[in-house]
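Line by line, the protein sequences are chains F and L.
Residue 97 in our numbering sits at position 97 of the first sequence, and the numbers go up by one each step.
For any residue, its number in our numbering is found by taking its place in the second sequence, counting from 1, and adding 1000.
Treat the hints as calculated values from the structure; they're not laboratory data.
Nothing here was measured: the structure is a model prediction, and the numbers come from that model.
Watch out, some of these pointers could steer you wrong.
[To be verified] Facing chain L, from chain F, some residues (calculated, C-beta under 10 angstroms):
hint : residue
1    : Thr48
2    : Glu74
3    : Trp145
Note that CB positions come from ideal geometry on N, CA and C, so glycine has one too.
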Amino acid sequence: MRTRVEKRTVDMQVIGEWVEPHSRVLDLGCGRGELMDYLVQAKQVSATGVDLDFGRISACVARGLSAYQGDMTEFMRAFPDRHFDRIICSRTVHELNDPAGVVLEALRVGSTVTVGFVNHGFWKNRLGALFGGRKVRNAVYTTSWHESRPANPLSIADFEDFCREKSIRIARRAHLLGDWRTPCRVLPNLLAGYALYDLART
Amino acid sequence: MTDDVQAPTAPASAPRQLAGDDVGIVSPRDFIHRGPFAFKSGQTIQGFTLRYETYGALNATRDNAVLVCHALSGDHHCAGWHSESDSKPGWWNNLIGPGKAVDTRRFFVVCANVLGGCQGSTGPSSTDPATGRPYGTRFPFVTIRDMVSAQKLLLDHLGVAELHAVLGGSMGGMTAMLFAIDYPQFTRRQIIMASTANESAQAIAFNEVGRQAIMQDPAWNNGDYPREGGPRVGLAIARMMAHITYLSDAGMDRKFGRRKRESAGGESYTFDAQFEVESYLRHQGQSFINRFDANSYLYITRAIDQFDPARAYGSLEQAFAPVQAESLVIGFTSDWLFPPEQNREIALALLRAGKRASYAELSTDLGHDSFLLESADLYALIRGFLERPEAYVFDFAI
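Isolated chain F (complex conformation):
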């Protein structure tokens, strides 16, 4: 559990470095608002979050954050082009029904789209699948298959393929080793545990 909390913090710090102060940020799958809270305090952003769960929205509201309970794609459709400076999709993309649809809509509504995800091509995850022959379980994915939400595990290679296919420009990328802290400079699809991307329209 401790590892999990630390890893969440690392993710926040990287995103925090990328976010421009005082910008207008939308957090897709905002949960209980930890990331928004951090960005509001560290970067004085104007943040709005979207989530499906009442309890998480209520937690955001109690923190003084703006949060909207509903479907993220429908939410984004209600806004004009480039209404947000940055749209963040942190550790949510693998649970979406229509990931391509969400990312493309985010690229319309936001000037920059930040996507962060756990790299399932990471060697530990590969070995786990190879030797365990079971669903990957680790500090992040703690639950067994039958108590997990439906997920599309993806790798760095998968994601870069997707960006190429959809002609999405990768403005910035960060690959982090298994500690989610140390930058990974070689063979990211094999050696990086976590990946972050800043996307823009071409």
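With chain F held as given, fit chain L onto it using these hints.
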């Protein structure tokens, strides 16, 4: 302007058998505005009365007031009891009280019967000083904005410097919305529940059927009827029909199903009330005519129908442009009168206008009346919104 305290019906020092989180015995007061009051329609009356109640105390900085806005058939009595023998408490007693979601130990809660109403505030059933008879349909047309202006005069009179929050469900949500638009420096938070920025054709249609039931009753007599008389049949039917729109299919099935009244016996071939739902609606209709004025019903439903800030300002975003308040909009899944989508639209328009707004949705089967729900989730949401630390100030108005 004076404050006339109504004769209390019970000594204030003898609290009723109450829960510890109850405001106890409360007494309404009358705020009398002397001087002309101009309605949005251009018509004017020479002064008006608003009946209101307050709970809790105004703080030294006079900025802890929470204004509660009632719905169509509601009134100023939103918490506590009027006497020890009172059969039921104020309509939002579950939400408002010491230690409750709207905590009267922290907040100075104000609730007034709207202008045009009939529970003690000036409306069509009040005496027209020019004729000595009830105004009837000579009363000026009332809009939500007129209700807001009148309540602002009350708050000024009470010495409120800033509203900590304004909240309301249904028409009360419209009132809250206009407070935030008309008095942006004054209104710091708003909670809009089970409301809409403009009624759908279906909602207008239901109001129109209610009005027709009243106006087609010969006793309506073009609005000219004695205080104790009037279109009692028409008003009861209007209420019965409207009451259905406040519930939901699933909720009615849960509450009544096809159960028959015990007194109905085995006799099926009669038009007496047989099903429980029939006797429930008849009871709703009958109890309504004893407490509500038919002309007020016409005026207030008309005010609700006319409410349309998007049309008045060109767009909802432009209407919300001056808003400084942080907003919380709450929709209810089974509300088909002012459905979740219409509540979402309020929150989305506020966000498009660059305002701080949240939207939350509760799953209930209680229909439009869900905003009166007894729900720990709802209480936590409202308390969290009202009591959170002062937020950062942003204004990204377009």
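State the violated hints by number, sorted upward, taking the hints as numbered earlier in the document. Of the numbered hints, just 3 does not hold.
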